[in-house]
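Taken in sequence, the protein lines are chains A and B.
Just so we're aligned: 69 in my numbering is position 69 of the first sequence, and the numbers increase by one with no gaps anywhere.
Just so we're aligned: 1084 in my numbering is position 84 of the second sequence, and the numbers increase by one with no gaps anywhere.
Please keep in mind that the hints were generated in silico from the structure rather than gathered at the bench.
Beta carbons are placed, not taken as given, at the ideal position from N, Cα and C, and that holds for glycine.
Honestly, I wouldn't trust all of these hints.
[As the list claims (entries may be wrong)] Listed next, the stretches of chain A that the computed footprint assigns to chain B, with coverage defined by at least 3 CB atoms under 8 Å from CB atoms of chain B:
1) 50-59
2) 121-133
3) 168-178
[As the list claims (entries may be wrong)] Which residues of chain A face chain B? A few of them, derived with a C-beta cut under 10 Å, are:
4) 25
5) 286
6) 288
Here are the chains, one letter per residue:
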Amino acid sequence: MAAVTGQPGRLTGAVTRWLTEPVPLGRLAAFRTLVYLFVIADLVVFTPWVRAHADVPGELYRPLLIGRLLPLPTPAPALVWGVFAGLLVSAAVAATGRLPRLAGTVVALLYLEWMIIAFSYGKVDHDRFGLLVALAVLATVGRARHGDATRSEAAGWALRATQLAVVATYFLAAFAKLRWGGLEWLTGATLTWAIVRRGTFLAEPLLEVPAVLIAAQIGIVAFELLSPLVFVLRPRWRYAAVGFFYSFHLVSFATITISFLPHLVAMTSFLPLERVRPMIWARRLASARRGERAGGRAAGHPVPVAGDPAVGGPGEAPHHAPPQ
Amino acid sequence: MASTETPVTSLSTRGRLIRLLVTVVGAGLLLAGTFWGEDDHFPFGPFKMYASAVDPDAPTVDTRLEATDAAGATVPLTERNTGIRRAEIEGQIDRFRAEPELLRVAADAYASRNPDAPALTEVRIVIRWHEVRDFTPTGDWEEEVVATWRP
Chain A
1 MAAVTGQPGR LTGAVTRWLT EPVPLGRLAA FRTLVYLFVI ADLVVFTPWV RAHADVPGEL
61 YRPLLIGRLL PLPTPAPALV WGVFAGLLVS AAVAATGRLP RLAGTVVALL YLEWMIIAFS
121 YGKVDHDRFG LLVALAVLAT VGRARHGDAT RSEAAGWALR ATQLAVVATY FLAAFAKLRW
181 GGLEWLTGAT LTWAIVRRGT FLAEPLLEVP AVLIAAQIGI VAFELLSPLV FVLRPRWRYA
241 AVGFFYSFHL VSFATITISF LPHLVAMTSF LPLERVRPMI WARRLASARR GERAGGRAAG
301 HPVPVAGDPA VGGPGEAPHH APPQ
Chain B
1001 MASTETPVTS LSTRGRLIRL LVTVVGAGLL LAGTFWGEDD HFPFGPFKMY ASAVDPDAPT
1061 VDTRLEATDA AGATVPLTER NTGIRRAEIE GQIDRFRAEP ELLRVAADAY ASRNPDAPAL
1121 TEVRIVIRWH EVRDFTPTGD WEEEVVATWR P
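Make the full structure from the sequences, and use the hints.
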């Protein structure tokens, strides 16, 4: 493993080992499917305003630096709808785990262009750096079967890079607040302003108690600055920390309708997703149902059914599943 | 937890070094973006959502785009009926202030998304300044018309 020797070499080695700490391929496969299905949902359901830019005259297009450098064309209906269709198809292929590198690269590039179309009209959102990193790194991992317990360093790096991007979104947001707001941010009226602009009925009573809002602002910065600790916690506490991150966004959504959904999807890179097996659960449920139906009066007792792979109870593991 | 006996597929030394390098370069760009960058440097720009300090005694800004149609009705122009987000109007508000005729773009976007709707006779950007005293909105507000355009 140690290709490099000496003191700096040892540090590099330790950092690299941490960056590429192997994870089960089944986890990567589950993350991959989730991320690409989210891309489809994002296009169709969650961020419909991106495709609405097809109808916005080009005079309002103010290309971001990356769009000027490349240089990307001014969005017109054909471009917007072309990228939209290309993303739907490539994300659907990638979600199945087929052609992981090719489909993954196509999705990553098209989604980046999709975001340039989204953010080149005067407003850049900050809710999806983790997702963009996830899309970029997922394409570097080859085949990964659902349920495969084989641990892989390539998969480990993909998930680690995504986790780093997710935590950077919190940690560096604290420095952006210092840079723009300064220390006054802590005792300013940013949350008051957010509630006036887009608060829900749950948030409005809070306008009466500014002390709570100031405490919340201090809490937000403290949590952002401490967020990197998630990497040194033991698994049980790490999951608790990730649970706290999710609850923070739940409260933000309930009070000021900011969801950060793409970020939340990227954050599942912290979770043991290989344990979530919807297809297997559905199959078990189906075979249990079949068993009940075939059992008739003797409901609950599994009975051989033509076409079933084998007689088994609901707890039966599929015959092709690797040992858990 | 994966047991130690599960097989591991390793990266080559080269593969590992490339990943280390990509991680370090990516982190460096993001750090540079955070301290010196702007939104223009997407995707490596600063995470400056709600990063400005807001004066607890200054009015809060609430911007809207609206129009009057041929029937004399006031039509709110939204993300839904124009494809233009409120924050995009705010992001380019200096442009609209300098050249109000640019609002024609909003009318065109509205017409292309709502071909059967009555034509717009005026488009304007209005800011409602909510008065805030000691963190609390008083309920009073003043409106400022930032830009107006008539065909």
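- request: Test coverage of the stretch 50-59 of chain A by chain B using CB-CB distances below 8 Å; three residues minimum.
  value: The restraint on the stretch 50-59 of chain A holds, since 7 of its residues have a Cβ under 8 Å from chain B and three suffice.
Hint validity - residue 25/A Cβ closer than 10 Å to any chain B Cβ: The hint holds - residue 25/A has a Cβ within 10 Å of chain B, the shortest such distance being about 8 Å.
query: Counting residues of the stretch 168-178 of chain A with a beta carbon closer than 8 Å to any beta carbon of chain B, are there 3 or more?
result: holds (count 7)
Proximity test - 8 Å, beta-carbon atoms, the stretch 121-133 of chain A to chain B, at least three hits: The restraint on the stretch 121-133 of chain A holds, since 10 of its residues have a Cβ under 8 Å from chain B and three suffice.
query: Is the hint on residue 288/A kept, meaning its closest Cβ partner in chain B is under 10 Å away?
result: Cβ of residue 288/A sits 29 Å from chain B, so the hint is violated.
- prompt: Would the stated hint for residue 286/A survive a check requiring a Cβ distance to chain B of less than 10 Å?
  reply: 29 Å, violated
Checked against the numbered hints above, the structure violates hints 5 and 6; every other hint is satisfied.
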